[in-house]
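Protein chains in written order, with full-length UniProt numbering: chain A, 1 to 270; chain B, 1 to 308; chain C, 1 to 285.
These aren't lab readings, by the way, just hints derived from the structure by calculation.
You may find that some hints are simply not true.
Said to hold, decoys possible - For lysine to aspartate or glutamate, the following EDC-like pairs were computed, each having C-alpha atoms within a straight-line distance of at most 20 angstroms: (1) B:K219 <-> A:D212; (2) B:K283 <-> B:E227; (3) B:K135 <-> B:E69; (4) B:K291 <-> C:D268; (5) C:K262 <-> B:E34; (6) A:K149 <-> C:E217; (7) B:K81 <-> A:D212; (8) C:K243 <-> C:E69; (9) B:K283 <-> B:D31; (10) A:K149 <-> C:E80; (11) C:K215 <-> B:D12; (12) B:K219 <-> C:E80; (13) A:K123 <-> B:E105; (14) C:K262 <-> B:E19; (15) B:K129 <-> B:E19; (16) C:K262 <-> B:D206; (17) B:K67 <-> B:E34; (18) A:K164 <-> B:D31; (19) A:K123 <-> B:E227; (20) C:K262 <-> B:D31; (21) C:K215 <-> C:E246; (22) C:K197 <-> B:E19; (23) A:K123 <-> B:E104; (24) A:K123 <-> A:D106; (25) C:K262 <-> B:E104; (26) C:K215 <-> B:E19; (27) B:K283 <-> B:E69; (28) C:K197 <-> B:D31.
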Amino acid sequence: MAANIIDRRRINGPQRSVEPLYTHVDAAADPFASGRGDGRALDQVRPIFVKTGPLSAHRSESALSSAAAASGAAFYEQGKIRVSCAVYGPRQGRRSSARMGSFDCDFRYAPFACSWKRRSHVKGADEREISLMLEHAIAPAIRLEAYPKACIDAYVTVIESDGKAATIAAAINCISAALADAGIEMYDSVAACSMGLTGARWVADCAQPEEDAASCSMLIAYMPSADEVTYILQHGKTTPEQTDQAVQTCTNMCARVYAVICRYLQDSLE
Amino acid sequence: MASLILSPAEQDYITQGVERGFRADGRGGLDRREVTLRTNMISQANGSARCRTGYLGAGTDVLVGIKAEVNSWTAGEPEDKGAIVCNVECSPSAAQEFEGRGAEELNVELTQLLDRILGGPQSGIDLGKLCIIPKQAYWVLHVDALVLDVKGSITDTLVWAARAALLAARLPRVVVESVADEDGNMQSEFDVVDDAEDQISLEGADNLPLAVTFSQIGKRYVVDASEQEEAVAQARVTVAVSPQMEICAIQKGAALRGFAPSLLTEILHAARTIAREEFARFKAVFDAANKATAADEPSTGSTFLGEF
Amino acid sequence: MEVDTETQVMDVTARIVTPGSAITSDPGFIRGHGTFGEGPTIYSSVAGVIERINKLVSVRSLKQRYGGEIGDIVVGRITEVAAKRWRVDVNSRQDGVLLLSSINLPGGIQRRKSESDELQMRTFFSEGDLVFAEVQSYFADGALSLHTRSIQYGKLRNGTFVAVFPQLVPRSRTHFHTLPCGVDVVLGVNGYIWISKHVSAAKVEANAEHIYSDKNEPISDEERESIARVANCVQLLNRLYVKITETSIIFAYEESLGHAPKDLLALDVAAELAHSVTGRLRQQS
């Protein structure tokens with residue numbers, strides 16, 4: 001480093017920085033021996049709240065007159081995670097084929113969404129990847145052949161995240177609800193759920209500290225009525241038996257999440 | 001990849017063939033194409049490999065180079081570990097649609113897949129050994145892949161090439177010594193030994209996984225799908241398996257449909273059976289490639305192309 | 001390349017030239033394809049082989065795109081459905097055009113095209129479909145105009161597609177062959193080849209109503225094996241850079257019978273086959 005050239009235009013920090021001190025809580029050999037921190041069972045998903053329609057009531061009044069308003073929107077909470085999603089379309093697509101519509105997804109974290117540091121407002125590589133994952137997870141559910149030449153766009157904003165895999169799962173659930181709100185034809189709603197492997201136990205819907213302690217995470221998106229896994233992602237090492245077990249538990253949990261979302265959609269229609 | 005449009009008759013021919021276990025090029029459902037491998041033909045890299053899956057000099061072709069760099073530690077990073085950073089780029093020489101930003105989506109997908117397989121303890125590489133001085137300096141291994149040609153099944157070829165390159169990679173030795181600074185505090189310092197003869201291979205590289213990608217076509221699935229088969233496939237899932245038959249990563253790719261959970265379980269079991277054969281095949285091909293490299297003259301343009 | 005200015009006569013046969021090399025400075029020669037001239041000297045504009053027909057000197061590039069000629073039999077893939085026409089990828093500089101008025105409509109008899117035909121163009125050919133057609137004429141911009149007005153032309157079914165170098169498929173009297181192994185092969189002059197299960201001509205005619213059907217006939221495993229074997233043989237011939245004709249395909253097929261179709265393209269088997277096939281071809285000629 002060229003330390004002899006002093007930059008006088010900016011305020012210069014010290015040459016060396018010191019890491020802030022943290023008191024480390026010693027994780028016991030089995031952190032879940034006495035249950036989870038928030039008192040949940042190991043296979044219990046955090047409480048879910050869904051609401052369709054625009055975030056602010058003010059916008060909904062102008063929705064009929066303004067073409068710019070989204071066709072469908074949803075807000076989704078799962079514990080501390082808060083995700084909102086707006087769906088536009090089906091509308092004239094730029095790159096869709098004559099046979100089938102296309103589904104595009106844009107996933108963004110709000111700058112203040114993550115616990116560790118402020119996120120840049122420039123789209124990061126991980127956001128781009130998650131956008132793709134969401135497209136892959138949701139597209140099989142949409143009857144794209146019913147929308148030739150059209151495109152459907154979903155814009156997801158994470159207002160607050162708590163556990164990466166759980167946040168992606170929440171985003172999938174949120175898009176599902178928003179698509180239903182937009183009246184887009186689907187084979188089935190997609191419900192998603194994540195788990196983390198800590199020691200030899202699978203723990204459902206990990207919050208950030210739980211996820212940090214986990215050696216492997218599993219995310220599954222599932223269509224319960226159609227009985228199809230639309231997305232699966234395993235990050236980390238497991239034995240084959242553990243994977244089998246995770247697939248089974250996860251699909252079961254997805255079915256439970258699905259029931260919650262469907263109940264809400266039914267209620268909201270009534 | 002999805003730019004190929006086939007006629008309904010071709011699609012039906014491929015689908016029927018897969019369901020009967022007789023694919024368009026005569027292979028069975030779980031048969032793979034020929035693999036060609038060359039290692040360490042890039043002298044500037046710490047390790048490199050080129051892998052091709054296909055027939056008669058054509059096929060999916062991936063080049064991977066490993067570059068090791070010393071990084072200084074900053075707060076928030078693991079204190080006593082090195083890192084592996086992956087990047088995949090699809091060259092426009094592989095396909096017209098990769099020109100400009102056309103390959104961006106595929107690049108992101110493949111980069112993340114490779115990162116998912118190699119970027120953590122699941123890769124089997126001992127990241128602790130890549131630490132030089134805790135909280136001060138560590139090695140970063142940049143795994144950069146270049147997709148030179150695409151004829152279906154990029155992921156498997158990519159992981160083959162990355163595995164071969166990491167196995168072939170050599171790191172310079174590092175000498176760490178304690179020195180007292182002017183205040184009398186003990187400080188650790190290190191020196192990288194600049195000697196081509198005195199280099200070490202990566203600890204734990206033998207445990208690197210291989211990937212098997214399954215494409216569902218009709219009611220059945222195939223491995224090592226050709227370009228045409230990929231155009232017909234309803235769903236695709238990549239499973240990375242370690243030599244100890246543990247599952248290191250699973251990732252589903254872009255697709256029109258999902259998998260039934262029962263089919264997914266079947267695929268996970270098939271993945272291990274195939275991976276066992278794949279590891280044996282890898283060893284044979286890798287050893288042969290090493291022998292060829294050892295026998296060669298110093299790398300020039302022609303040895304780079306070699307049998308490719 | 002040196003030009004022999006002394007005698008001004010050159011042996012312009014069987015010479016390989018690179019772009020920019022002078023071929024001859026004899027003013028008696030006429031410039032053909034692949035050449036350009038400044039003054040009396042003729043230069044090559046491509047890398048290839050010099051060909052001379054009387055006074056006409058041209059250079060044929062070893063690798064080139066298909067340039068159509070009227071009467072060529074081609075295989076093409078529909079890329080776009082437009083107003084009263086389809087655009088067809090024929091491996092040429094521009095997409096070919098198949099006019100709605102240049103196809104046979106179902107029903108066999110010649111009838112006037114109605115508006116309803118225009119509306120249901122996709123039921124005849126849609127994007128991705130493979131057609132077997134003949135080059136009818138050129139458009140003003142050089143695009144090829146195709147037609148399928150014959151019972152043997154039309155939509156291709158029951159098989160698989162292989163693309164080869166166009167210059168390897170010579171123009172001949174017939175481009176539709178039924179091989180002894182019960183496989184039909186359509187050798188498009190543009191390098192697109194269709195290999196399918198044999199369907200007898202009588203059956204084709206009986207099915208005139210269904211010429212635009214997308215349905216395959218049932219194909220047995222044995223037929224699939226033969227098709228796969230022929231397809232792999234064609235790829236092998238392409239790799240060997242050997243003319244792809246009925247004879248060469250049959251030779252390759254016969255030589256390959258000792259191996260399973262899936263092994264044909266493996267390096268060692270392919271090398272062995274290459275040796276025996278080229279040997280037989282040389283013997284024949």
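For each hint, the structure was consulted:
{"no.": "1", "hint": "B:K219 <-> A:D212", "result": "violated (39 angstroms)"}
{"no.": "2", "hint": "B:K283 <-> B:E227", "result": "violated (27 angstroms)"}
{"no.": "3", "hint": "B:K135 <-> B:E69", "result": "holds (16 angstroms)"}
{"no.": "4", "hint": "B:K291 <-> C:D268", "result": "holds (19 angstroms)"}
{"no.": "5", "hint": "C:K262 <-> B:E34", "result": "holds (10 angstroms)"}
{"no.": "6", "hint": "A:K149 <-> C:E217", "result": "violated (32 angstroms)"}
{"no.": "7", "hint": "B:K81 <-> A:D212", "result": "holds (16 angstroms)"}
{"no.": "8", "hint": "C:K243 <-> C:E69", "result": "holds (19 angstroms)"}
{"no.": "9", "hint": "B:K283 <-> B:D31", "result": "holds (18 angstroms)"}
{"no.": "10", "hint": "A:K149 <-> C:E80", "result": "holds (14 angstroms)"}
{"no.": "11", "hint": "C:K215 <-> B:D12", "result": "holds (8 angstroms)"}
{"no.": "12", "hint": "B:K219 <-> C:E80", "result": "violated (31 angstroms)"}
{"no.": "13", "hint": "A:K123 <-> B:E105", "result": "holds (14 angstroms)"}
{"no.": "14", "hint": "C:K262 <-> B:E19", "result": "holds (17 angstroms)"}
{"no.": "15", "hint": "B:K129 <-> B:E19", "result": "violated (48 angstroms)"}
{"no.": "16", "hint": "C:K262 <-> B:D206", "result": "violated (31 angstroms)"}
{"no.": "17", "hint": "B:K67 <-> B:E34", "result": "violated (28 angstroms)"}
{"no.": "18", "hint": "A:K164 <-> B:D31", "result": "violated (37 angstroms)"}
{"no.": "19", "hint": "A:K123 <-> B:E227", "result": "violated (32 angstroms)"}
{"no.": "20", "hint": "C:K262 <-> B:D31", "result": "holds (9 angstroms)"}
{"no.": "21", "hint": "C:K215 <-> C:E246", "result": "violated (27 angstroms)"}
{"no.": "22", "hint": "C:K197 <-> B:E19", "result": "holds (18 angstroms)"}
{"no.": "23", "hint": "A:K123 <-> B:E104", "result": "holds (14 angstroms)"}
{"no.": "24", "hint": "A:K123 <-> A:D106", "result": "holds (10 angstroms)"}
{"no.": "25", "hint": "C:K262 <-> B:E104", "result": "violated (34 angstroms)"}
{"no.": "26", "hint": "C:K215 <-> B:E19", "result": "holds (17 angstroms)"}
{"no.": "27", "hint": "B:K283 <-> B:E69", "result": "violated (28 angstroms)"}
{"no.": "28", "hint": "C:K197 <-> B:D31", "result": "violated (24 angstroms)"}
The structure fails to meet hints 1, 2, 6, 12, 15, 16, 17, 18, 19, 21, 25, 27, 28 from the earlier list, while all remaining hints are met.
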